[in-house]
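Visitor: Below are the chains, spelled out letter by letter.
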Amino acid sequence: MSKDSTAVAEAQTEKAGKLRAEADLDMLKILVDSVREYAIIMLDPKGQLVSWSPAAERLKGYTAEEIIGKHISVFCTAEDKASGKTERELETATREGRFEDEGWRVRKDGTKFWANVVVTALRDVNGTLRGFGNVTRDLSQRRESEERIKRQAKEILEMATVIVQVWDGIILVPLIGMLDSDRTQQLMERLLQRLTETNSPVALIDITGVPTIDTQTAQHLIETIKAVRYIGSEVVLTGVRPAIAQTLVHLGIDLSGATTRSSLTAGLRVAFEIINIHVARESAHGAAVGK
Amino acid sequence: MSETEQGTVPIDVEADIAVARRLVRDIAGEMGFGVTETTRIITAASELGRNVFKYAGKGVMHWRTLQKEDACGVELRFEDHGPGIADLDAAMREGHSTGGGLGMGLPGAKRLMDEMDIRTSVGEGTTVVVRKWRQR
Amino acid sequence: MNEGIAVLKVRDVLLVTMPADPDDATVSALQSRTLDAMEQHDVKALILDLSKVEILDSYFARTVAETARMVTLMGGETLIAGMRPSVAITATELNVTLGATRTVLTVDRALDLAGNLSRNKSVRKGRPWL
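Residue numbers (the numbering used here), protein chains in the order written: chain P, 46 to 336; chain X, 45 to 180; chain S, 6 to 135.
Treat the hints as calculated values from the structure; they're not laboratory data. Accuracy of the hints is not assured; some may be wrong.
Selected chain S positions facing chain P (in silico; Cβ < 7 angstroms) [what the hints assert, rightly or not]: (1) 88; (2) 93; (3) 108; (4) 109; (5) 110.
By construction, the Cβ of each residue, glycine as well, lies at the ideal position given by its N, Cα and C atoms.
Next comes chain P alone, as it looks inside the complex (with noise of 0.2 angstroms):
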């Protein structure tokens, strides 16, 4: 009598059990289709789909009849297709557990998507590899900001490019940040510009907002003091503070094409006496009459 209901409390032990499995199952399966941000997919070991999810629907395009069963890389680009990307992601998978990446992916009507995907290799209490979890999330949203901030940058770097006329003969441009290619040969042009239509025998350029001296920005310079030279007008650089003049003689580089002064001030009174004018160095008030 008491094996019966042994038996009979172990099949209720069980059937309990597989009620309470099924009931975390659903959970999970709950889980995995409500997550949206993340598209959350199953492979088997071969790297085939075994499930999807209402996320990765939405993310790839594929509706669960039309995708389970094919394999993982038809998700990929024809370069990482012909290159084996896929394989070499599986591998990785299997070998160290995960993998993660950043990189093109392909929707279903084609159109590409940057994607942050992580692979886990799934494997049972023995350690025999069951399968592979796939988790997408789709990142064009911060591409997008990250391209769109590049280009603002840009665009804040060319604005930050002034030339002024401050006197008769004397154009101003105070630099602010690096130079590169792209933004010398800007400043050259406007700058050239500036001089001969204003026929102007002083460029002052202060390089106090020029954060530090390498030796391409050192070359740009050279470069735009020679073509200044060539139209006929000087270059007066300022802003030449202690480091820099530190890290110009140790690069070895020359700027004797120009006058160069450390403040902005001392740089002022010099174009000034190129063109001829005399500023007292006493302070305004009457010094120029003479009291």
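Following the hints, complete the assembly by docking chains X and S onto the known chain P.
Guide: Just chains X and S now, with coordinates in the frame of chain P:
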């Protein structure tokens, strides 16, 4: 100019260098290059055309317009069957801060253009191809 | 199209105006005509007006530098006036040198400077040569 156009200019006498310059000016103008870019292209053409005349005695300048999705450009190809360049590395390094204008001005031409390819063989000749692009 | 160079002598200053895109023969003429003029007259300064010039290649630059050197040897000075921005930029990128010359914005300024030289007025402190 929406389709590709091309042509050839012989470089047989010194005066042909100026002819090549004028043609390049017209092409650059039609392609919509600005003043400074046009000046660069013409100057590079003058240097490379002069090389052909100076070292090979005669040769040709082939030109053609280029089209890309977001850019258009011009390609100039200078060909001669002259002595070739024995030490290309040296030729590409020379002229730097020595001025004077001796030598081939290859680094200068490279600087002025966007792309440059050189193929040369001693005793057989030289081909220099340069390209300049403009964003649409 | 062969616009020649224009050579004008104003007192002891030689003013040479170059055309927009001189061919090699015209560029050579710059040197020969300058030398001729200096042979016949007492020339204290050569003013080279490049305001019309659109292309300055290495041959042109070399000829200018050579001519300037000759002028210096004969006791004169060479002033280059009116180089265009596009030419100046290209000249920098081509890394040419114009030798013992001094550059000024306009022919007017060049004449002022040259006038000072010939009248032996003290020239204002020279800036380094190009």
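Visitor: Can the hint on residue 109 of chain S be confirmed by a CB-to-CB distance to chain P that is less than 7 angstroms?
Guide: Holds - the Cβ of residue 109 of chain S comes within 7 angstroms of chain P, reaching about 4 angstroms at its closest.
Visitor: Restraint: residue 93 of chain S near chain P, CB-CB cut 7 angstroms. Satisfied or not?
Guide: holds, 4 angstroms
Visitor: Quick one, is the residue 108 of chain S hint okay against chain P at 7 angstroms, beta carbons?
Guide: holds, 4 angstroms
Visitor: Using the nearest Cβ pair, does residue 88 of chain S come within less than 7 angstroms of chain P?
Guide: holds, 5 angstroms
Visitor: Answer holds if the nearest beta-carbon of chain P is closer than 7 angstroms to that of residue 110 of chain S; otherwise answer violated.
Guide: This hint holds: residue 110 of chain S lies near chain P, its Cβ roughly 4 angstroms from the closest one there, short of 7 angstroms.
The structure meets every hint from the earlier list without exception.
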